[in-house]
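Keeping their order, the protein sequence lines are chains A and B.
Per the numbering used here, residue 1 is the first one in the first sequence, and the count goes up by one each step.
Per the numbering used here, residue 296 is the first one in the second sequence, and the count goes up by one each step.
Everything labelled a hint here was simulated from the structure, so no lab data went into it.
Heads up, a few of these hints could be off.
Unchecked claim - Below 30 Å or equal to it, Euclidean Cα-Cα: the simulated DSS-like pairs (lysine-lysine) are:
hint : chain 1 : residue 1 : chain 2 : residue 2
1    : A       : 38        : B       : 424
2    : A       : 274       : A       : 217
3    : B       : 406       : B       : 317
4    : A       : 38        : B       : 384
5    : A       : 271       : B       : 384
6    : A       : 273       : B       : 424
7    : B       : 403       : A       : 223
8    : A       : 223       : B       : 408
9    : B       : 326       : B       : 495
10   : B       : 384       : A       : 274
11   : B       : 495       : B       : 317
12   : A       : 38        : B       : 495
13   : A       : 87        : B       : 304
14   : B       : 476       : B       : 384
15   : A       : 273       : B       : 415
16   : B       : 326       : B       : 406
17   : A       : 277       : B       : 384
18   : B       : 384       : A       : 217
19   : A       : 273       : B       : 384
20   : B       : 424       : A       : 263
21   : B       : 403       : A       : 217
22   : B       : 424       : B       : 384
23   : A       : 274       : B       : 424
24   : A       : 223       : B       : 424
25   : B       : 399       : B       : 415
26   : B       : 424       : A       : 277
27   : A       : 87        : B       : 399
28   : B       : 406       : A       : 223
29   : A       : 223       : B       : 384
30   : B       : 424       : A       : 271
31   : B       : 305       : B       : 317
32   : B       : 415       : A       : 277
33   : A       : 217       : B       : 399
34   : A       : 38        : A       : 87
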Amino acid sequence: MQNILSLFEYQFFQNALMAAILTSALAALVGTYIVSRKVVFISGGITHASFGGIGIAYFFGLNPFLGAVAFAIASSLGIEWISTHGKIREDSAIAILWSLGMALGIIFVFLTPGYTPNLMSFLFGSILSVGMADIIVLAVVLLFTSLFFVIFSRPIVYTAFDPEFARTRGLPVTLIRNSMAILVAIAIVLSIRVMGIILVLSIFTIPQNTALLFSGKFSGIIKGSVLFGISGSILGLITASIFDIPGSAAIIFVLTLQFLISKGVAIILRKRKKTRKSSATGEEKNSIHEPHIKE
Amino acid sequence: MSQPLVSIKKVTAGYNGTPVLKDVNLDIFPKDFLGVIGPNGGGKTTLSKVLLGILKPFSGEVTFPGERPNIGYLPQISHIDHSFPVTVKDVILSGMATPRTWWKSLAKEHKAKADNLIRKTGLSGLANKPVGELSGGQFQRALLARAIINDPQLLVLDEPDTFVDRSFEGELYSLLEQLNKTMAIFLISHDIGTISSMVKTIACVNGSLHYHPSNVLSAEVLKVYNCPIDLIAHGPVPHRVLKNHG
Ligand SMILES: Nc1ncnc2c1ncn2[C@@H]1O[C@H](COP(=O)(O)OP(=O)(O)O)[C@@H](O)[C@H]1O
Ligand SMILES: [Mg+2]
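Pulled out of the complex, with its shape left as it was, chain B reads as follows (with noise of 0.2 Å):
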């Protein structure tokens, strides 16, 4: 196997010097598909937040073997502002701003870019609006247009299918799973029904981190992993993640 993008070790993390997260360990390779689930607190934004950089961790560390990867990030909707008076194109390429272009004009060519995801995630005519204006799935469609405009080799994405509605869901899925042909993608989501179906591999993560190297999970394997999910909210347990017992 090829050296992993982002090598996560004995990361200890939280806020105000109390861990969220305890002890966790994780490697992510290039064209993964990683699934991530646990409790609502359990500390998934906060994994991210370290990977990304933007979260120091206590202790532990995280490091990147090869070059220091390009990753996209979708965060969680509601951690942004909705109403602030930008465009849904100026908010697309944002995504374009790089550590040494950041102060610089943009060039021809990422308009084009932009334009061309515009259309891929369905906002056809809504370039030149406020975000005021879209709705919560349009919203979060410009923030996905934003973390994969600069092709990124690891895409991060905090609960992409809070709002997005229905006739979007299935091009949502097939787009990241075009993207992971190219990608590794690190998915965090509610709905175990869209881990079944997409991911190659998924991560428990409440308070610690239980990885599971394929993307069929048993109600007792997560009961083990102490990685309790809500499935009421989500009517009949999808098949492929969770076997039927009994």
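The following block holds chain A by itself, in its conformation from the complex (with noise of 0.2 Å):
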């Protein structure tokens, strides 16, 4: 216990906890809706795509994080005027940009001379590393974000719920659609820092799949996963300096768990829930003994 407490007076730790708690909330907001739409697989592929951007941006010896946030825009953007236009399958350009990202990026990485960049932590983060400056970026973005959450929250809704209703309606749809595209793709590489490449869908999905048992909407959703995505993502990170394994692994260990439990809280509650009200009508008894008519 002494031990906990012990890893909260140094600086380093400390940094981690906020941009683990920073990122758990930026993720919560955009997550929301990219398990809302369903375009989770989409998201995979601006992850993925973003790591030729990092490539590049090493090779030529510019800011990594700004060239992985170019590529992230572009290939959000670029899909989703594919899926208003689709002349090809969307599933396959994504697959498509999804590993020639992964190819640029490591042809770039090679390619430079001198001092090659930790791969490990550009794919399952590093959280232990992260300085005041990713965590100032970080509050600023989240602070936009909730922002634009806050004052476009039903045009986001119903662009996302009914694109072409709300085309009916007036509203600028493909304005919206494209600021969120955007939003995503930076929320997305700004979590790479903490979670890396390979894993951090899972902060956009998880905590969103553990809120969506309690909750069917939107904003519920969003509340939820705040609530789970920092308590898991602070649990995970205190695991994971315990017994000295990587953040990012350690904090989809506890969001899972977090989605397990729920899971049995869930099903238990809606259990209680459906005896309380049979019961109470004496229903129970009736549809044991009584077999259903049918017409």
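Both chains are sitting in their own frames, so use the hints and assemble them into the complex.
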């Protein structure tokens, strides 16, 4: 116990904690949109495509984060365009983008003379090396994204649920969907720092699916995801430090555990509700002794 | 006769360069009740999208001779994600959005209007339920409420009766009859029986469009229109549309 408490005294752990909380909150918002629209696979494509940007930026001595953002936004908007204009098979296009991004990334990282970056940290994240600059960028983007979601909550839901109807009501559907595509891209790239390319989608999907067990409302899923995401990543980070294992993997483990426990709780709650309802009206007896009459 | 609400002139439309509708003409006048029939894949939904302005035609034009009418839309239910996390009330309220107010929060009277429609469409008690918990028929009724909440001058309905249960069917039709007193209705339906008892005129859509200025059609006319419809599924041939031959 003392060991755990003393962890919080270290600067690197405080930074990691801040980064985990901010990333989880950002992923809670953006992930709710991704899960609701069922575009998890698309988000995987964007994530992996961004590695191409990282490799190219390294090669030319630029900021790898900016390279990743540029690639992610371009692929996000590209897929949004394909899905509305649909001249090619969308799922195949995503798979091509996915692997091409990774290929470009690895080619350019290998071509970069001298210092080669630690590939493992890109693929699996490196939460313990997060610095103050990362945290400030995360905080600013989270603030902006929260404002966007609060101000445009209705149009976001309307255009995600039924874009054609929204268009008949005069909503600027393309503008809203493209803005969301850009936000998705930025949120994913920022989260790669903590979770890594391969593991990042977990924080955009697992807390959301846990929240879905308790709410069928877009705003309810956001709230639930914030709760489950933040608590899960804090617990995951502590677990990682205790057992000396990678933070991102530990976070996923805790988030999945949360989901499984919640699933159990949800099933029990539903059963209780049913028995309470039927025993209150005496239906339970009837349904056992009298067979339902079919027309 | 007054001027049409919408005028479709020589429209050719489709997807990815392949036309589905060819050289289609149609005028819709205030308080029309137009039944649109035709085989699956004949282009009924495509025609409705051109009319609504969500599909740009390859050639020809859609004009609004008067002021641009407010159009209500009930899409084909199979084209919408039934599991999206949104409540019945929020779905219905989305019909209140307009080009100038879509970003504003909703006024109290809008919510009262939604409550009223929830009662009218038999969805009382389901207002705050996610649409995923509704039956197909209930979901369709919520979408109908969304289509009419903003008092449109033209109501476009794409197969509103696919899932609607027997008990609501009668209510749906009397609701449409009542709505037709204040708005034109463009009703796509598979169910020729529906068409027979409700509509004033009929359009047959199968690549091209044949307008029939009454609600009585004979099998011969349907053949001439090249408008085969599946009659077997509907049991006895509805008397008012298809005159018995022989
Ligand atoms: N978004 C789309 N992209 C490509 N083809 C489409 C699209 N929507 C419909 N089609 C095609 O257009 C034709 C007409 O479809 P539709 O208007 O939905 O017919 P209907 O409503 O009469 O059943 C069909 O062959 C269909 O496959
Ligand atoms: Mg159709």
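Which hints, by number, does the structure contradict? Numbers 3, 12, 27, in rising order.
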